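Peer 1: Build out the structure end to end from the sequences listed, making use of the hints.
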Amino acid sequence: MQYPVLPDTERGSHLFVTLAGRTITWHLVRADYKDGTSEIETLVLPVPGDFSVDELDTLLSQGLKVWAEDIGWDLIDCEKEICLLSLCEGECVGGASLIAAAPFDIEPMNSLVLETSSKRYDSQSYIDAAAHYFRRFDLSHLVYVILNWQDIRVLYVSNQGRTVDGQEGILVREMEIDPSFLDDISTSSLSSLLSVRMRKDVGIDTISNIRTRGISACVSQEVQDILRAYLTAALFGVKDSRLQSFGIDTPDGAVLITGDIPRALPGAFSILPVIDGLQLRGRYRIAVDRDLRSIPGSYAAKSKIFAFPMYSVFPTWYQYISTEKGGSGREGETAFRGFTRVLHTGQNGREENLLVGQTGSIITSKVEGGGKIYLEPAKKVYFPNMTQEKYEGRKYFVAEYCDIVSSVIIDCRKIPVVYGPDAEANYKRVRDWIHSFPKDKF
Amino acid sequence: MIVAQEHTVRPAFSQRFRISFEGEAYCSVAHGEKVTPGTVIFEGRTSEILQSINLSKELGVPAREAVKFITIDDGEIVDVGDIIARRSVAMGTVDRIVRARTEGRIMLENISEGFAEIRAPFSDAVVKAGVYGRVGRIYPERMGRRVVDLEVSGFVAEPFFCIGESVSGEIFIIKEGDSLYRPGDVDGRCKGKVVVAGRSLSVALYESLAEYGARGIIVGGMPKTEQAILSEPTIPIFISEGWGIIPINSVLLQVLQEYEGDLAYIDEDKGQLVIAPSDPGKELDKETGGVHPRVSVIKLEKGMNVQVWDMPYWGYSGKVMDVLDDERLVKVMIASGRTLAVPDGVVTAIADT
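Protein sequence lines, in the order shown, are assigned to chains A and B. FYI, in the working numbering the residues of the first sequence are 1 to 442. FYI, in the working numbering the residues of the second sequence are 443 to 795.
Quick caveat, the hints were computed from the structure, so don't treat them as lab data.
Distance condition first, Cα-Cα at most 20 Å in a straight line; then the derived SDA-like pairs of lysine to any residue: (1) B/Lys666 - A/Asp184; (2) A/Lys65 - B/Leu742; (3) B/Lys773 - B/Asp786; (4) B/Lys744 - B/Ala783; (5) A/Lys200 - B/Ala670; (6) B/Lys476 - B/Lys570; (7) B/Lys666 - A/Ser180; (8) B/Lys570 - B/Ser462; (9) A/Lys65 - B/Ile740; (10) B/Lys666 - A/Arg199; (11) A/Lys239 - A/Gln279; (12) B/Lys712 - A/Glu55.
Values in this document were obtained by computation on a predicted structure and should not be read as measured data.
Peer 2: As structure tokens, this is what we get:
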């Protein structure tokens with residue numbers, strides 16, 4: 001699958017400023033048309049919860065000045081305070097877009113660079129973004145998960161089965177978790193989901209503080225674990241019959257994860273709660289937007305004059321495969337043997353990365369270039385949504401993965417996945433699951 | 443290394459500073475008039491609160507039910523030892539009795555919150571401005587209360603969380619104001635004051651402060667489970683940092699220490715704390731003008747004040763000892779002397795005033 005590298009624009013670069021949740025992000029996208037490359041510089045900073053719009057202009061111009069000095073831009077002031085950002089040899093920022101999520105209400109910011117447009121990002125915008133990524137990545141089904149501090153929503157996208165205005169019609173179903181439910185989780189005990197021992201009152205204080213203030217990074221085990229537990233509990237609240245079949249009988253499904261919370265966590269701490277909270281099993285791809293690019297990315301895609309390479313929004317993809325309920329074998333026993341085979345090589349494909357998996361655990365294998373994964377399951381183990389092929393006289397369950405996939409994750413945990421009853425019981429098993437996820441680019 | 447900088451305490455001008463008087467009072471100032479700390483605002487007769495009793499806790503009943511067990515009338519004069527409330531428990535075999543601990547007049551205006559007060563007899567009283575400023579709005583008498591808004595120059599701090607009615611009073615700091623304090627650390631010096639009560643407010647500490655007649659409380663943190671119990675406090679609580687046990691940030695604490703004895707106003711409506719210097723020598727330099735922005739963007743350098751937003755030192759403030767740009771780490775020394783090495787993404791800078 002090819003993703004466009006060059007933006008469809010005459011401009012060399014564009015500045016996107018997003019005001020969403022408790023962060024301001026600056027994304028400077030630079031495209032080189034000769035080399036056919038593009039890159040993004042990102043700065044993310046927290047803002048207070050009751051941030052006033054009146055303070056925004058000052059903050060934006062100040063942020064640009066400090067950032068420009070830090071990464072070596074030449075900033076030329078003009079009448080409008082900030083006008084031109086000269087990057088190198090006459091190249092300059094072609095325009096700026098200010099995208100503000102509710103509840104901020106932004107008028108077009110005339111004090112920023114030459115061309116400025118502003119856009120309000122609201123519930124409809126998430127639906128538009130989901131539809132856009134569904135089409136752009138050529139999917140059959142999409143679960144788009146937005147994990148913000150004060151709201152969590154899941155959008156399920158599928159083909160409608162008929163054509164609308166010359167395009168295949170798509171159906172977007174939105175499931176938003178009631179904020180009061182999130183507040184209830186924050187004040188209840190998560191001990192059955194935690195893997196780090198913590199007093200109940202400390203846990204409540206921690207999650208309340210984090211949700212109120214918002215964070216852009218954390219390294220402590222306690223915060224990472226409590227956020228993982230909080231997300232899992234929150235996503236348990238999403239009940240939709242369509243999600244049950246996602247990954248089981250969907251030919252090319254994907255899960256895209258974005259929002260404030262994935263920004264602050266290592267990728268595994270966002271992916272595991274989505275898989276377990278929504279109880280998604282089967283075969284699908286996963287990608288995480290950790291740099292808050294999906295908002296400006298989808299907005300830019302609607303306009304043909306802005307630069308924002310789509311591959312950079314979700315730069316790292318994983319192929320997820322799991323066993324199915326009732327077909328997992330006994331804990332600790334061998335669940336499968338297999339291998340990955342790269343398709344597009346001069347040697348007409350070769351075997352590599354022999355794999356062995358145990359029931360109850362997660363196995364990861366790095367891959368490069370498109371290929372196929374061949375799995376020979378043990379007795380009583382079954383992998384849904386995979387074709388069956390014969391290879392060198394043996395029968396295998398086979399799934400193809402494309403060249404953007406960097407790792408294959410094979411989940412052989414028994415269904416239902418069991419947590420608890422307390423942190424001691426979770427300590428080893430949850431740690432093992434987390435450490436099994438790929439480490440690259442997390 | 444670029445970080446956000448928060449101005450947790452900012453010089454400010456023309457901030458609302460409310461002076462109130464409970465009782466019959468005459469307002470001695472006019473709109474627009476300049477005031478000094480010695481300017482008389484109200485003259486009248488008032489009744490001082492001598493003691494606040496948590497009947498709900500003493501009787502072991504929900505706040506709304508405390509009124510059922512009162513044995514005296516509102517406004518009645520009591521002596522030490524007089525029975526105020528009685529509840530029979532254990533099928534009538536045991537009585538839980540609440541007695542007056544001081545003599546005075548019983549007031550039941552807060553009985554719906556489970557509290558009774560013993561007040562001194564009415565006496566003549568004068569309320570002075572205590573601050574430099576100008577008279578803003580003068581409100582008519584309402585339900586035995588007079589209010590005047592002054593406009594003052596001072597320092598403004600926004601809370602993480604603030605609950606209770608607005609109140610003004612002299613700043614008093616328990617010990618150094620940066621530790622975890624117990625009910626035994628509270629004494630009569632808290633009476634009538636806005637008390638800086640350290641890192642965390644427990645229900646027990648709150649009750650001790652109420653018993654000694656504190657007017658307001660400023661703390662760094664408060665366990666959320668305790669806040670659920672104190673959902674309708676009679677004494678306003680200003681939490682500066684977050685839930686849990688968190689020291690007041692070093693910049694705000696320094697300002698409170700410097701202006702201890704001067705007046706502070708917890709403005710619950712506006713969600714801010716106003717600290718108004720009463721010493722002309724400490725008056726703000728008017729050339730600085732306006733109110734500083736709450737958030738700005740800076741490059742982090744050695745010597746700057748920062749707060750850490752990660753466990754186990756959530757909200758702790760300290761000084762930057764070193765900035766390691768290549769590793770994107772910051773070395774921070776907190777008040778205890780311990781040095782932490784944390785990623786830049788978990789710190790915010792705090793601006794000096």
